[in-house]
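Throughout the sequence shown, residue numbering follows the working numbering, covering 1 to 967 in sequence.
Source of the hints: derived by calculation from the structure; they are not laboratory data. Some hints here could point you the wrong way.
Claimed, not checked - In the EDC-like style, the derived pairs of lysine to aspartate or glutamate whose C-alpha atoms are separated by at most 20 Å in a straight line are: (1) LYS477 to ASP448; (2) LYS185 to ASP253; (3) LYS606 to ASP734; (4) LYS457 to ASP475; (5) LYS878 to ASP821; (6) LYS680 to ASP297; (7) LYS185 to ASP257.
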Amino acid sequence: MSAAVTALALGSALPAVAQVTTDSPATAAPAEEGEAITVTGTRLSQPGVMSNSPITTVGANEIRLQGATNIESVLNRLPQVTADANENVSNGSDGTSQVNLRNLGSNRNLVLLNGQRLLPVQATDLNFVPAFMIKRADVVTGGASAVYGSDAVSGVINFVLRDDLNGIKTDVQYGFSAHHNNNAKYRSRVTGAGYSPALNTPVDGQRFDANIAMGANFADDRGNVTAYFGYREVKPILQYNRDVSACALDPNDGRTDLICGGSSNNEFGFFSPLRDGVSPTGYNNTRDGQKTWVPYDPSFRYNTSPLNYFQRDDTRYTAGAMAHYKVNPAVELYGSFMFMDDQTNSQVAPSALFQGYNYSINCNNPLMSAQQGELLCGSAYGSSATQDTYIGYRPVAAPAQPRRDDLRHTDYRVTGGVRGQIAPGIRYDVNALFSTVLFNETYRNDIDPAKANKALKVVNVNGVATCQSVIDGTDPKCVPLNVFQFGGPSAEALNYIYAPASTSSTSKETVLSGTINFDGGAFGVQLPWADTGIGAVVGVEHRRESYDYRADALSQAKGIQEVNGEFNVTEVFTEVRVPLVENRPFFEELSLTGGYRYSKYSTNDKGVSTYKGEVAWAPSRDLRLRGGYNRAVRAPNIRELFDPRAPGNITAKDPCAGVAPTATLAQCALTGVKAEQYGKILECPSETCNGYFGGNPALKPEEADTYTAGVVLTPTFVPRLTLSVDYFNIKVKDYIGTIPVPLTISQCLATGDPFFCSLFQRNPRNGVLFGADATTLGYVTATNLNTGQLGTSGLDIGASYSVPTGVGRFSVDMLGTWLNDLTTQPLPGQASYDCKGLFGGTCGQPSPEWRHQARFTWTSSDDKGAISLNWRYIGATKLSYNTSDPSLTGDTYIINSRLPVANYFDLAATAAVMKQLTLRVGVNNLLDRDPPAIAQGVLSSFGNGNTYPGIYDVAGRSFFVGLSAEF
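Starting from the given sequences, assemble the full structure and let the hints guide the process.
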């Protein structure tokens, strides 16, 4: 049995410790006669078949030793994975959890469950996977489109669930975070700005997870039914309760340090009349509650951070059942049903009358003072004329609540099929998969700008301020809104202008598949120097996906469009393995494997082909060499094709805004700035401009070439030692994506390229790149399109060793990734840029040159107890803005020029307290390390709370205790 399988075997029994292991490579355990044998990375079903693709396996105990209740947090620790959508993302979250293999995007790795697609690709959500039931998770590097179809560009993640339980299995766990806020520099920054610092030692982020599974064999063990039920509840963490996020951070004028910044949409009230002759910096209500305007300055900014979630609350219910029954060797029936209901809330700062919406105020509004009226309307003050203005008023002095996005996913997945051996060496498998994802979103405690506009048109009726819409009968419920002083809006007015907005979507997937496996050894079809016969598989698959998105009237008024669409694909595929030489001197194994798949999409007139070729050579049992080439194809998923087009926030800075723009008039003219607007354009609030995002039905498939080569050492002269080194090289052309907004801005200004400059759509009235009014907002277009090329290469290095010590067993398991390059060419023929070792701006999340995790474990001689220390290492990265690369360069920062090395240590222990009961306790981030504090203008791509959660630990020191039993 291989070393990788040995690790997996250890992972099936508590309290022995399962490690994260690289394969050597994985091979299936011996099977009963007639039983199908498959491993992740191939559809071939033969005894002794090995995957020639590098595989990293996460065992069940590794999940428990991390105290994980959500599987994406386990995968995010792997050095091959970059954090994607996760529980620490609040603003802009859709409530799902994703995995991003090789930092090529979560849409370029395929997620499987027991070898079949998890959910519709555009609705993949790892919350659906019951961590309690995972036997192992295989992470396969390299294109696998020839084996599994579209989307498997950077690799495959296959979750193998336990489906053979004969008894009862239970597990319960409780955990919490207890971070000590003692970072003097962070705290002095907050108190110096006049804000309250974080609590000294908050206890929050509580987690409770309870699961039970029951299974039984029947019909003389020819059948089994296994069912499970799970409940998880997660409490939130507020950004206020961490030093790093207690205030929104901006750079100071010299970018030498960080200061508490915030939003000009402040609690006192900001105004920028949209007429000539008005100060481009705008006006602000005074702090004393008087109806007086003074010139706006940064001291009025609102701290948007405290009420934002650093960890979302979450309530999840899961249930499912898996069954199989072997009627005879030729007929085995199998199927499964899985269900999830997951509800989470993202929470951000209270709503506001946001800048960017054209609010209109009548010049004889009785709620404003003469001073305010003259600054707003000029000589028209006192008349019935109206004046458009931007308003940034956040009514937090009233009983306003933070905005909450209620995100609910209800998922169903049903599979069924029949398989068996119809003759010696011939097996078949015919199956079907049906999945549905229902998504409901309700955005609460948000201000309806249309109602606010009505409430701003107020006249005097017999000494009583009255809405014009009440007088003319267009809206009898309107209540006048006093925005002209701090604390001015009445509770009745706020109740009038607040309104929830709702959207919903339905994603469906149907997959029909059939395969026939041939083992040539049963027919004597083998080469003379091989002991194993030629193996082959042929199959056909048909997949249909649909997507329907609906939005209520308020959402549509804010620019969201309804959409629906569908596509289908029919595929034929084959895979062949030819053992050339086996069990000969210098040729323990020499084999070739090839695969081919032809796919015909309803969205593309032409069919597409994918194929692979692999070779494996083991000169001896001590050494195995392997290599492979895969041509992968990824067709656009249904959301990339049909997602509604809508504006959205993006972290960026408009270099043409402010009284002293950093870009010249000539440069700004390229972006659509008029000469008379230059020096008068308002800056994007909180350095948050608008992008315009959405699908594109004209997208074409992207293609990728993947090369892998590796060596695995299992020296017999050093028992229990495994070493592996695997090279990966992935190139994607015509990749489906968006042009990053910071890149569009920098490239237009630096090169004047018409393509980039044409993506600007400035507000024609005042040139801003933000807004809330769908008809006049400014933005930078970032809709989906077939762009240029992506590429990455590097080395995965793994080591595993265990040694008896006389008082137990000591083991070490390490997996690291050295990144050689992470390149992007935004458009064919244009310059490319490399994000290796960089973060921020166009590069997004940190991409360190080296990452690893290593686990050191001592296990007692009787296997009844273990202590394990895990070391996570994240290499240093530099700010992309500070590079000389013209595709990345931007404002030079002295602060945040480099994110230092991050080391995290996690300690866990297990003990068998009874024959069938095992206790586990642990603490993650043992040293309570703070994440790096980063300016909000630098953050992008899953940045939240002044840092990159998912990459860095934001909760602080976290504890967990759990009990598991099986009987």
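Return the numbers of the hints above that this structure violates; sort them in rising order.
-> Structure breaks no hint.
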